[in-house]
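> Those protein sequences? They're chains C and D, same order as listed. Numbering-wise, this note's numbering puts 204 at position 204 of the first sequence, and it's gapless, one number per residue. Numbering-wise, this note's numbering puts 401 at position 401 of the second sequence, and it's gapless, one number per residue.
No wet-lab data here; the hints were simulated from the structure. There's no promise every hint is true.
One copy or two, either will do: identical chains are not told apart, so a pair holds if it fits within one copy or between any two.
What the hints assert, rightly or not - Each computed DSSO-like pair below joins lysine-lysine, with the alpha-carbon atoms no more than 30 Å apart:
(1) 324 to 171
(2) 215 to 177
(3) 394 to 69
(4) 325 to 45
(5) 215 to 260
(6) 53 to 79
(7) 171 to 195
(8) 45 to 148
(9) 148 to 69
Here are the chains, one letter per residue:
Number of protein chains: 2
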Amino acid sequence: MKVSNKESRRENSAYRQLERRLERAMALQAALTLFEWDNETLAPKQAGEYTAKVQGTLSEAYQEIMTGKEVRELLEACKREAGLTEAESAIVREASEELDKLEKIPPREYRAYQELAARSARVWSEAKEKQDFETFAPTLKEIISYQKKFAAYQAKEGQKLYDVMLDNYEKGFSMEKLDEFFGLLKEELVPFLKKVTNSGVEIRDDFLTGDYPAKKQRELAEYLAEYVGFDFRRGVLAESAHPFTTNLHNHDVRLTTHYKEQVDSSLFSVIHEAGHGIYELDIEDELTQTLIGQGASMGMHESQSRFFENIIGRNGAFWTPVYKKLQELFPEQLEKVSREDFVRAVNKVQPGLIRTEADELTYSLHVLVRYELEKMLIEEDLDVEKLPKLWADKYEEYLGVRPQNPAEGVLQDIHWAQGSFGYFPSYALGSAFAAQMYHYMKENIDFDGLLQKGQIEVIREALRRHIHRFGKMRESRRLLQDMTGEDFKPQYYVQYLKEKYGELYQIQE
Amino acid sequence: MKVSNKESRRENSAYRQLERRLERAMALQAALTLFEWDNETLAPKQAGEYTAKVQGTLSEAYQEIMTGKEVRELLEACKREAGLTEAESAIVREASEELDKLEKIPPREYRAYQELAARSARVWSEAKEKQDFETFAPTLKEIISYQKKFAAYQAKEGQKLYDVMLDNYEKGFSMEKLDEFFGLLKEELVPFLKKVTNSGVEIRDDFLTGDYPAKKQRELAEYLAEYVGFDFRRGVLAESAHPFTTNLHNHDVRLTTHYKEQVDSSLFSVIHEAGHGIYELDIEDELTQTLIGQGASMGMHESQSRFFENIIGRNGAFWTPVYKKLQELFPEQLEKVSREDFVRAVNKVQPGLIRTEADELTYSLHVLVRYELEKMLIEEDLDVEKLPKLWADKYEEYLGVRPQNPAEGVLQDIHWAQGSFGYFPSYALGSAFAAQMYHYMKENIDFDGLLQKGQIEVIREALRRHIHRFGKMRESRRLLQDMTGEDFKPQYYVQYLKEKYGELYQIQE
Numbered sequence: 001m002k003v004s005n006k007e008s009r010r011e012n013s014a015y016r017q018l019e020r021r022l023e024r025a026m027a028l029q030a031a032l033t034l035f036e037w038d039n040e041t042l043a044p045k046q047a048g049e050y051t052a053k054v055q056g057t058l059s060e061a062y063q064e065i066m067t068g069k070e071v072r073e074l075l076e077a078c079k080r081e082a083g084l085t086e087a088e089s090a091i092v093r094e095a096s097e098e099l100d101k102l103e104k105i106p107p108r109e110y111r112a113y114q115e116l117a118a119r120s121a122r123v124w125s126e127a128k129e130k131q132d133f134e135t136f137a138p139t140l141k142e143i144i145s146y147q148k149k150f151a152a153y154q155a156k157e158g159q160k161l162y163d164v165m166l167d168n169y170e171k172g173f174s175m176e177k178l179d180e181f182f183g184l185l186k187e188e189l190v191p192f193l194k195k196v197t198n199s200g201v202e203i204r205d206d207f208l209t210g211d212y213p214a215k216k217q218r219e220l221a222e223y224l225a226e227y228v229g230f231d232f233r234r235g236v237l238a239e240s241a242h243p244f245t246t247n248l249h250n251h252d253v254r255l256t257t258h259y260k261e262q263v264d265s266s267l268f269s270v271i272h273e274a275g276h277g278i279y280e281l282d283i284e285d286e287l288t289q290t291l292i293g294q295g296a297s298m299g300m301h302e303s304q305s306r307f308f309e310n311i312i313g314r315n316g317a318f319w320t321p322v323y324k325k326l327q328e329l330f331p332e333q334l335e336k337v338s339r340e341d342f343v344r345a346v347n348k349v350q351p352g353l354i355r356t357e358a359d360e361l362t363y364s365l366h367v368l369v370r371y372e373l374e375k376m377l378i379e380e381d382l383d384v385e386k387l388p389k390l391w392a393d394k395y396e397e398y399l400g401v402r403p404q405n406p407a408e409g410v411l412q413d414i415h416w417a418q419g420s421f422g423y424f425p426s427y428a429l430g431s432a433f434a435a436q437m438y439h440y441m442k443e444n445i446d447f448d449g450l451l452q453k454g455q456i457e458v459i460r461e462a463l464r465r466h467i468h469r470f471g472k473m474r475e476s477r478r479l480l481q482d483m484t485g486e487d488f489k490p491q492y493y494v495q496y497l498k499e500k501y502g503e504l505y506q507i508q509e
Numbered sequence: 001m002k003v004s005n006k007e008s009r010r011e012n013s014a015y016r017q018l019e020r021r022l023e024r025a026m027a028l029q030a031a032l033t034l035f036e037w038d039n040e041t042l043a044p045k046q047a048g049e050y051t052a053k054v055q056g057t058l059s060e061a062y063q064e065i066m067t068g069k070e071v072r073e074l075l076e077a078c079k080r081e082a083g084l085t086e087a088e089s090a091i092v093r094e095a096s097e098e099l100d101k102l103e104k105i106p107p108r109e110y111r112a113y114q115e116l117a118a119r120s121a122r123v124w125s126e127a128k129e130k131q132d133f134e135t136f137a138p139t140l141k142e143i144i145s146y147q148k149k150f151a152a153y154q155a156k157e158g159q160k161l162y163d164v165m166l167d168n169y170e171k172g173f174s175m176e177k178l179d180e181f182f183g184l185l186k187e188e189l190v191p192f193l194k195k196v197t198n199s200g201v202e203i204r205d206d207f208l209t210g211d212y213p214a215k216k217q218r219e220l221a222e223y224l225a226e227y228v229g230f231d232f233r234r235g236v237l238a239e240s241a242h243p244f245t246t247n248l249h250n251h252d253v254r255l256t257t258h259y260k261e262q263v264d265s266s267l268f269s270v271i272h273e274a275g276h277g278i279y280e281l282d283i284e285d286e287l288t289q290t291l292i293g294q295g296a297s298m299g300m301h302e303s304q305s306r307f308f309e310n311i312i313g314r315n316g317a318f319w320t321p322v323y324k325k326l327q328e329l330f331p332e333q334l335e336k337v338s339r340e341d342f343v344r345a346v347n348k349v350q351p352g353l354i355r356t357e358a359d360e361l362t363y364s365l366h367v368l369v370r371y372e373l374e375k376m377l378i379e380e381d382l383d384v385e386k387l388p389k390l391w392a393d394k395y396e397e398y399l400g401v402r403p404q405n406p407a408e409g410v411l412q413d414i415h416w417a418q419g420s421f422g423y424f425p426s427y428a429l430g431s432a433f434a435a436q437m438y439h440y441m442k443e444n445i446d447f448d449g450l451l452q453k454g455q456i457e458v459i460r461e462a463l464r465r466h467i468h469r470f471g472k473m474r475e476s477r478r479l480l481q482d483m484t485g486e487d488f489k490p491q492y493y494v495q496y497l498k499e500k501y502g503e504l505y506q507i508q509e
C-alpha cells in the first residue's frame, strides 16, 4: 500500500507542519493510554488521586494542541493544499473532527460534565452494589441532559440528537439504518430463540466449570492467543478485572483477561481480545502513531474480536487440531469429554440476564433492549424512573427472563453512567459485520478446511488485506463494501445464526 | 512541616504562574518515568523503536517548557519576589539549575551527544560480550571528550571539570572532600581487608545457593519489603533484568528485583530497593510532583538503600524475629542451618571482581578504583587505552584479585558508556552517610533491641523525620549535619566496618 508520498513533499508544506504538531498530540495520547493500562493492570491502589492529576495535565496539553490557533490554521491550509494522499486527507479529516468536537462544547460545561461523569461512575457503582436504581436515577438524568446538550452543539441542521451520538461511534449507521437492522433481529431471532429453548435438546456443559487452576489457564491463554495469530514479540497479555485490549502503536498491543472457575470464560475472552489485538497489529506502519492508526470504528473492531471468538473459535473445525492441547492441560476435567461434546457445550444457548455473559445467539438481543431504550431516552424524553420496569419487560419479551433486581437489570453496564449513549449498537453491528465477512470468505476459501489444518493465517491475511491494514483511513461501511462487494446486509447475520443453531438444536424451519 | 503557604499567596504571583508551567513539565516527566518502567518490566521486545519516538517527543516537550521564554522570565521574577517559603525557593533553585544545564549546551551538540550515547551503550554491550575493550575505546574517548566539553560550559570560574561532574550527582562533595574520604578508605580498609582474608576464619555459605524456587522467593520478597516498611497500597514489586526503584509520586513507588539461584541475592536486593522506596514514600505530600519531590541526592538515596540492606538487613538482630519465616519457606535448604550460621553467611567477606556482587566490606574499594580512574581520565588526560591495565593493577592492589578479561574488569559497568562520570562516588558516600546515621541513632535508641522486637518503624520514623520528608528541598550534607549534629565524618564508616568485620573474623587490632 502506498498511502503517502512523504519523500516528495516540501518540508514546509502546511501538511508537514501539521504533522509535527500532531506528533506531539499523539505522543501525549500514547502516554495517556499507558497510564490507563497501568491503572487497570498494576498501579497501586492509593495512587489514583495523584496520578489523575498527571493524566489531567497531559490531557489538557493534548487539547491545547488540538484546539490551538496553529493547528486550526494549518488544517484550513491543508484543506486547500493539493496533492494530499488518501492517508493524509484522512488525518486532516480526523483532526478537523476532533477539533470540532473539542471546541463546540464550552470549556466550562465540559469541565462540569467531567466532574459529573467522575461522580456518576461512583454513584452507579454504589447503586449497583445496593441494587438500588433510585439513588442513581437523578445522576443519570443529569448525564442524559448534558449528553443531549452536547449532541445539540454538534448536530448538523435537522440532524436528530441520537443520530449525532450514534455517529460518534459508527459513521454511516443512523437510526434509519439501525431500525432496519434491529427490526430484523427482533422479527427473526426472538421467535427463533423460542424454538431453541423449546427444542427439548439438552446440552451438557457441567465439565466447563470446576477446579481449573489459574496457572494452567494462563498457559492455555498464551497458547491460544499465539495460535490464532497474536504476536508476543509485539504484544503482551496481562490480567485485569475486566478483559480489554489497548495499544501504544502497532508494535505494542496489549491484551488482558481474567481467570475464572469457568474455563470457557477466559478462554474465549482471550480469543476475543486477540481478535482486537490482531487488528491493531496489522495496521500499516505508515499509519500507526497517527490519528488514523487505530481500528476503523467501534463496530469494525468488535467485528474482528467476534470473528475470532465466535466464527473461528466456536467453530467445531477450529478444535480439531487444538482440543488435545486442552485435554493435556486439564486431563482430570476433560479426558473423558469428547471434542464434539466440548464444542456443543461452548455453543450452548442459555438466555440470561447479563449481556457480558451472553451466548452468541442471544447476545444481540441484549443489545436490542439497550438500543430501544436509548432511543426512547434521547428522542422520546422517556422518564428515567420508568427504565427498570421497561427493561424488565423487554428482557421478558425478547429473552424470556426477567431481572429480579436492577443490579442484574438496568444497572448492569457502566456505559450510561459514563455518558456513552450510542455505543451499544456497535456491539451488535460488529457481530453482523463479522457474519457478512464470513459469508464472503466461505465463497472464496475452504474456511473449515483451513481451521482443521490449523491454517488460521490464511483467514487472518484476508482480514488484514481487506480491513486491518487501513486502520481508520476508510469508514467501516466502505471497508465492508470493498471486501464483500455488498453494502451492509444484516440478513447474513440472521442466516448464520439460524443455520448454526438450527442444526445444533435440530430445528426444522 | 509547614513548607508553603499556598492559601495566602496571590493567584497571579510570579511563583504561582511558574508553578502552573512546572506542573506540566512534571506531568511529562511522570509519563517518561512510566515509559521507562514499562520498558524495563513489561513492554514487548519489538516496541522499542516506536516507543522511543514517543519518549523523544515528550522529552522535547519537557525541554521546551523548561527553557521557554515564559519559565525563564518567571524564574527571574520569582527571585525578586518576597515571601517565598523554603520549599518554593528550593523549587525556583532547582528549576534555575535545570534551565542552566539545558541551555548552556548548544542544542546541536546535545543532539549529537545523545546519538553518540545511544550508540555507545550498544557498542559497550557488544564489547563486553566479546570481552574486547579495543572496540569500545574510541567511543569512550568521544564520550569523555563531550563530557569534558559540557562540564566546561557549566563550570564556574576556576572550577575544575571533574568537580562540575561530581556536583551534578552530589553537591558539597568536590574532589577535595572526596580525596580525603577515599584516602581514608584506602589507608584503613585495604590493610584491614588483608587481615580479614588472612584471618583463617572460614565461613560456610554453600546453603545460600541451590534450588530456591522463584515463586517462593517472590513470597519472601513481598514479605520482607512489607516487613521493613514498604507500603504495598502505595507501591508495587515487579521483576526486571537489573533491580531498580522508580516512582511516579509519593503514592506510587515501584521496586523491581530478579530471582537467582542464590537466595541472598534477591533477598538483600529487595531490602535495598525497599530502602530507596521507603525514602520516596516518605516525601511530604506537599513536595511530591514538584522538582524537589525526590531524594536529596544520589548519595543520600544510596544511604537509605544501604541502611536498610546492610545496617538493618545484615544485622544479626534483624533476623531474630524473621529467620523462622525463611526456614518455613525453604525447609529443605535451611531447616538445619542455625540463625547464627545464616547471619554469618550473609556477611561473608569475599573480595571479587564485580562491584554489584560485592559484600559490604569490599564494596567501597570497588568504588575507590573507579574514583581514582575517573579523576585521571578527566583531570589528567589519562589515555583511555591504558584503562584495562590500570584497572587490573588497582584491583590487585586494593582487593587482591585481578580480572582475566575486560568483561570482568573495566567493561563491567554501563556508567561510563552512558557518560555518567562523577556518579560512582555517591555509592560509597551513601554507605558512609548511612554509617554516620547509624552511629547517631545508636546513641539515642536501642537499635538492636528494636530490631529484635521487629519494631523497624521506630528506626524508619527517625529517618523519615530527619531525612526522607524533606525530599530535595535541602542538600544532603545539610540533612546529615542536621540529623547527626556533625558534618560528614567518614571515620564512622570505617569504624563501623572494622568493628563489625573485626568481630566476625576475630581480628585483634
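> Taking the hints in turn, state whether each one holds.
Verification of the hints:
1. Taking the closest pair of Cα atoms, residue 324 and residue 171 never come within 30 Å of each other, the shortest separation being 43 Å inside a single copy and 65 Å across copies.
2. In this assembly of identical chains, the alpha carbons of residue 215 and residue 177 never lie at most 30 Å apart, being 46 Å within a copy and 55 Å across copies at closest.
3. Proximity of residue 394 and residue 69 under a CA criterion of 30 Å is satisfied in neither setting, with 49 Å inside one chain copy and 62 Å between copies.
4. Taking the closest pair of Cα atoms, residue 325 and residue 45 come within 30 Å of each other only across two copies (27 Å); inside a single copy the shortest separation is 37 Å, beyond that limit.
5. Proximity of residue 215 and residue 260 under a CA criterion of 30 Å is satisfied in both settings, with 11 Å inside one chain copy and 21 Å between copies.
6. With identical chains, the CA atoms of residue 53 and residue 79 are at most 30 Å apart between copies only, with a shortest distance of 27 Å across copies and 36 Å within one.
7. For the identical chains of this complex, residue 171 and residue 195 are neighbours neither inside a copy (35 Å) nor across copies (81 Å), given an alpha-carbon limit of 30 Å.
8. In this assembly of identical chains, the alpha carbons of residue 45 and residue 148 never lie at most 30 Å apart, being 35 Å within a copy and 45 Å across copies at closest.
9. Proximity of residue 148 to residue 69 under the C-alpha cut-off of 30 Å is restricted to the intra-copy arrangement: shortest distance 28 Å within a copy versus 42 Å between copies.
Comparing the model with each numbered hint stated earlier shows that hints 1, 2, 3, 7, 8 do not hold.
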